[in-house]
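K.L.:
One-letter residues, chain by chain:
2 protein chains.
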Amino acid sequence: MRVYVVTGNVHKVAELSLALKPFGVELEPLRAEKLEVQSESLEKIALVAAEHLPPLDKPAIVEDAGLFVKALNGFPGPYSSYAYKTIGCRGLLKLMEGVSDREAVFRSVIALRMPDGSIHLFKGEAAGVITEEERGTGGFGFDPVFRPRGSEKTFAEMTTEEKNLYSHRAKAARNLAEWLVRRAKGI
Amino acid sequence: MRVYVVTGNVHKVAELSLALKPFGVELEPLRAEKLEVQSESLEKIALVAAEHLPPLDKPAIVEDAGLFVKALNGFPGPYSSYAYKTIGCRGLLKLMEGVSDREAVFRSVIALRMPDGSIHLFKGEAAGVITEEERGTGGFGFDPVFRPRGSEKTFAEMTTEEKNLYSHRAKAARNLAEWLVRRAKGI
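Chains as they are written, first to last, in the working numbering: chain B, 1 to 187; chain A, 1 to 187.
Some clues are possibly wrong.
Note that the list lumps identical chains together, so a pair holds whenever it fits in one copy or between two copies.
[What the hints assert, rightly or not] With a straight-line Cα cutoff of 27 Å, these simulated BS3-like cross-link-like pairs (lysine-lysine) come out: (1) 70 <-> 85; (2) 44 <-> 85; (3) 12 <-> 44; (4) 185 <-> 85; (5) 85 <-> 123.
Calculated directly from the structure, the hints in this document are not laboratory data.
Please put together the full structure from these sequences, using the hints given.
P.N.:
Structure (structure tokens):
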């Protein structure tokens, strides 16, 4: 089964593709403008983006994700991409200097729009901690400073295969894939 | 002349109203959903919001503003409101600890939509510095840590009248008012 994906982020496409492959779901990048609204809710951001996609002959997905740091009241949250581009991992570590509660959660929401116009949301979370320093060169964004619960490595120290065992995005992708497979079987 | 303003921020309405009053322009708060897109450009955010207003019988404005800190590559910029709600002035000061270049600029963009559907943008800037500590209880958002060039006070230490002598928002409002007055006179 082929599904369009609308994003300019090649890392996201690689992670999603790998997570979806075992289910027989293949992604096809689609160049279309993605309307991203400002909201504290990833669900709303993904939903509105899906609503504003042009009419398409195949299912299409958009994904929105963010890192929510407990001690920073959810910062950088939905604006993780801009925060990464401006203050980076170093800025986040500076904000966390002297902060003992290092809990954080990466969240992902995938909005699937079917050719009939119906929209379905799938979510994934990865709980973990903000490390004391940057570690690793893999992944993207704040991956070097996030260590998921149950691992000694940061996301940036993992291969994509390892990261997908823990990651919010891979969990959301598997939820999506299971739904698509069930539907294809008419269950 | 009466103009609708679409915002949930009472501080913004107060500042804009005061700046517009000498020109005979009065604001009328309008309850309408404001579509705010994610963008690094305040112009784009204001423009899209104006485009998505419902049809109206009077001119209507939406305003978008942000604090752009040079040493932080423009952070928090268009996402100043979320950054303020999460990390606050204390977070911004922490990011600026040990940073000697304290330059920053507050920017405001007002998008005016006329009843004929035409949209016009008006801008204002206030250059200044990020202070070493919070000062004052007036204004809103990051006002306690921003001191405009030419003043010894932070925005939060000023009355609205004083703040409007320097502020990005008041400058944008005056540009708007001058345009409206010229147009009303047929110049």
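K.L.:
Decide, hint by hint, whether the structure agrees.
P.N.:
Verification of the hints:
For the identical chains of this complex, residue 70 and residue 85 are neighbours both inside a copy (21 Å) and across copies (13 Å), given an alpha-carbon limit of 27 Å. Taking the shortest alpha-carbon separations for residue 44 and residue 85, both the intra-copy value of 23 Å and the inter-copy value of 19 Å come in at or below 27 Å. In this homomeric assembly, residue 12 and residue 44 come within 27 Å of each other (Cα to Cα) both inside a single copy, at 19 Å, and across copies, at 25 Å. Proximity of residue 185 and residue 85 under a CA criterion of 27 Å is satisfied in neither setting, with 43 Å inside one chain copy and 46 Å between copies.
Taking identical chains as interchangeable, the C-alpha atoms of residue 85 and residue 123 lie at most 27 Å apart whether they share a chain (25 Å) or sit on different chains (25 Å).
Hint 4 from the list above is the single one not met by this structure.
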